[in-house]
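Peer 1: Below are the chains, spelled out letter by letter.
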Amino acid sequence: MFTFILKRLGEGAILIFVVTAITFFLTFGAGIPVAHNILGPSATPEQIASLNADLGLDRPILEQYFSWLGGVLHGDLGHSYFTSEAITSSLIHRLPVTMSVVLVSCIITVIVSVLLGVASAARGGWLDKVLQGIATISYIFPAIVLGVVLVYVFAVTLKWVPAIGFVPIGESFGGWFGSVILPAIVLAIGGIASLAAQVRGTMIDELSKDYIRSLRSRGVTERSILLKHALRNAAGPALTTFSLMFIAMFGSSLFVEKIFALPGFGSFGYMATIQGDLPAMLGVSLFSVGLVVVVNLVVDLANGWLNPKVRVS
Amino acid sequence: MTVNEVTQPLEVSAQEMKKRAGAMKRLLRNPLGLSSVIIMLALVLLGLLEPVLSNHDPLFASLQHINAPAGTDGWLLGGDQFGRDIWARVLTSINVSLISAVIGAGVGLVFGSIFGLIAGYAGGRADAVLSWIFNLLMTFPSLVLVMVLAPVIGSTYQGMMAIFGLFLAPGIFRLVRNLVQGVRNELYVDAARVAGLSTRRILSRHVLYVVRGPVVISTVFLASTAIGVQSGLAFLGFGSTQTPSFGSMTGDAFANIYTEPMQFVWPSLFLALLSGSLILFGNAYRDALAGPQTVAAKKKHRREAPHEAVTRYEPDGAVGGGLLKLRNLRVSYPQPDGSEKNVVEGLSLDIHPGEIVGLVGESGSGKTQTAFSILGLLPKEARVAADEMRLAGDSLIGVSQTQMRKLRGGVISYIPQEPMSNLDPSFTVGSQLMEGLTKAMSKAEAKQTILALLERVGIADPARTFNSYPHQISGGMAQRVLIAGAVASRPKLLIADEPTTALDVTVQAEILDLLRELQGELGMGVLLVTHNFGVVADLCDRVVVMRNGHLVEEGGVREIFHHPSQEYTQELINSILDEDTVRMDPPVVVAAQAGGKE
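Here the protein sequences line up with chains A and B, keeping their order. The first sequence lines up with residues 1 to 313 when you count with the numbering used here. The second sequence lines up with residues 1 to 598 when you count with the numbering used here.
Hints listed in this document are in silico derivations from the structure and should not be mistaken for laboratory results. We put the beta carbon where it would ideally sit given N, CA and C, even for glycine. Don't take each hint at face value.
Anything over 10 Å on all C-beta distances counts as not near chain B; from chain A, calculated [to be verified]:
hint: 1; residue: I5
hint: 2; residue: A143
hint: 3; residue: I185
hint: 4; residue: L215
hint: 5; residue: V220
Cut-off 30 Å, straight-line C-alpha distance, at most; resulting in silico cross-link-like pairs (DSSO-like, lysine-lysine) [stated by the list, open to error]:
hint: 6; chain 1: A; residue 1: K209; chain 2: B; residue 2: K406
hint: 7; chain 1: B; residue 1: K439; chain 2: A; residue 2: K228
hint: 8; chain 1: B; residue 1: K439; chain 2: A; residue 2: K209
hint: 9; chain 1: B; residue 1: K25; chain 2: A; residue 2: K228
hint: 10; chain 1: A; residue 1: K228; chain 2: B; residue 2: K380
hint: 11; chain 1: A; residue 1: K209; chain 2: A; residue 2: K228
hint: 12; chain 1: B; residue 1: K447; chain 2: A; residue 2: K129
hint: 13; chain 1: A; residue 1: K309; chain 2: B; residue 2: K443
Residues from chain B shown here face chain A by an in silico Cβ test under 7 Å; the list is partial [claimed, not checked]:
hint: 14; residue: G106
hint: 15; residue: A371
hint: 16; residue: L377
hint: 17; residue: V411
Hey, can you work out the whole structure from these sequences and the hints?
Peer 2: Shown next, in the form of structure tokens:
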């Protein structure tokens, strides 16, 4: 178990290193005229050269990379070219917004998917149709269309929740919930489509296995067979799907934040990219990959714990 | 390798080809499939004819037509908040979406299938490395990276889709790799290789053929994903403002949604039509590939299999003192073509208390189906009917699942054939054995009962086995565990389905001894399902011989052994005698024979 964790952590570190290195060399090597963008079209070549020197952009690219990497190891992601704010603190400020939406969405997704997946594996019939319906809707209407429709119906027309903005959870729980529930639902629809289908499929596989028949032959109740035995054995593959889905949700949250005007990662990354704010762009990609690594590690650990063959040895 | 064996794969391919051709026909006959194709073609046509169908350049802004309503002269869908022609922009957006789909799905398809073919066909180290890389690629936060890298590739939607396509590749990679691996292991590729076909020909002829259908379906879904992502990126404002697209249109319309909600509806509608037709096409193609049976199978699908009484059974006077009484049992399964396949046809059977009855027949004779129908454990789609089916005098016909469950935890129990797969891998042996007992007694009592039983069935360290997971115990131990579980409720009738077939020869004898001892102690009636007359001779009082769902003959073991009335029974008996002959041969001769065979 211990070597298993070490191995996964090692793989995660490699992934972070590779992705940030690629991003660094692609963005810094692309010749984006950063100083020109900051100073505007009327800047003289002297001004541009002096700003480049200030930002360290005149140094060889490898030197720039290692100085950036050195900073990262000390938790310093550099400063924004445009606002001079520390990237680390900007990201930490925006973290609660994106995480609120993604986590609420995950909770909805997991609960609904397990209920729907288990029920339709056990009963089939109209529940299968509901599941197919959700999947079809999520494929046909991209997140942006669903998001706008929900805003229009629930925020603009019915006025149940505010259309835009974020309320921190410390300020008012109801306000916070109202501000994240619609974006969370938009993300959850796509998640439910894939996770519920996965749960249904694995549950059907498990329910047709020999051990289920043996349990039945000893008079074990259907409820226990479904919710204890089959679900427990189906949990592993479902968790793996969940980790992939989490990454997809995090990506889609960038779109959804824009619709609901949430000051999260998406708007930060968007501004950074539009402006060509290289340290901010790198910060966003480093942070996203780091998040993916953490989620995958947690899911791997949970999978290891679920599987007695890994846990006991 | 004979000529016949080599030509066989070609016949298979010909059949496959016919199936594929049929799939296209079925797809077009399916109303959803046909309409998806029509909508898709219509949209492609609209996009291609954009210069002819629209009166204005999609970028041209007319101040007179700001927020013009739909149907204004020459402005079919009206103007947006900048006075641009919505119809012209919708048509251009169709093209942008289609190009995005082709680039995104195309890059994913090419990368995924090339490396998937290599990994699946080469196997070994190449497979391990490629699988590792693609697994990593799958976990990348693709949207964030596409966003961050957008300025590098000049922020065109084509460039962004090319990058995004790389992140779509792992899905295709895994699909192709698994399919190719499956095909590679199949006999006919071996046959083709021996026949001297080059690797390239094997790949193109056999492998690509099998892979094609699933890959087409996945690619269609990837195309729809690419369209969604492109529109999302454009909605955010990525890509050139000079390129109209559904994303930028919905983005503009969203800013204007308080005043002109209809401006949002048009791009959404066409976007939904485009992705919707792709998805419906994918689904319809999948159904069509699955063959014609799915529709019929769905119609015939049954969820419950209660014991059905077809004819009236006799009043209680006919019960007698039997433990199990079975009259005219029939088990059938609905077939794809609507007919019924009978697996048990009119079997009658009696078991008296304390009697061991062997149910003998080769595989497919219906003996296991008979056993499961008594237990009420047949799959849901099975149809069971009998004139009479009584356990200890109580009719089992029309009994609810709940009542059946009470019987199973009590008077009737079951020992399976394959011990390892019959234990839930996620729970300890003890916890799963206790589960059936805890409704009758406390947890502590149940634990004591199970521990005592584990000792009784010959497990050396009951406490340790109790806390073990199934993967930690041997097959023989697992079978002892399952026997302990089966007798825990002190059943009156024990149904053992080939209880020794999956075990080592030495363990087989021990398990049979154990069964005999337990039967004596508990006075159970036993239905022993087996194909082995040796086991019957060892254990049974009476024997029932089945073939193709029918009863062949029945009688006392001695009687049947010495005077089988049917030739089939004699064959079954002979087969066990042959085994004995082999076993009695001196080892040297056996070795020589084995050597001679090779």
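Peer 1: State for each hint whether it applies.
Peer 2: For each hint, the structure was consulted:
1. I5: holds (17 Å)
2. A143: violated (6 Å)
3. I185: holds (17 Å)
4. L215: violated (7 Å)
5. V220: At roughly 5 Å from the nearest Cβ of chain B, V220 of chain A sits no farther out than 10 Å, so the non-interface label is violated.
6. A:K209 x B:K406: holds (21 Å)
7. B:K439 x A:K228: Roughly 16 Å separates the two Cα atoms, so the pair holds.
8. B:K439 x A:K209: holds (24 Å)
9. B:K25 x A:K228: With a Cα-Cα distance of about 45 Å, the restraint between K25 of chain B and K228 of chain A is violated, given a limit of 30 Å.
10. A:K228 x B:K380: Holds, at about 21 Å.
11. A:K209 x A:K228: holds (15 Å)
12. B:K447 x A:K129: violated (44 Å)
13. A:K309 x B:K443: holds (26 Å)
14. G106: With Cβ-Cβ at 19 Å, over 7 Å, it is violated.
15. A371: Interface hint status for A371 of chain B: violated (10 Å vs cutoff 7 Å).
16. L377: holds (5 Å)
17. V411: Result: violated, 10 Å to nearest chain A Cβ.
In the structure shown, a violation is registered for the earlier hints numbered 2, 4, 5, 9, 12, 14, 15, 17, in ascending order.
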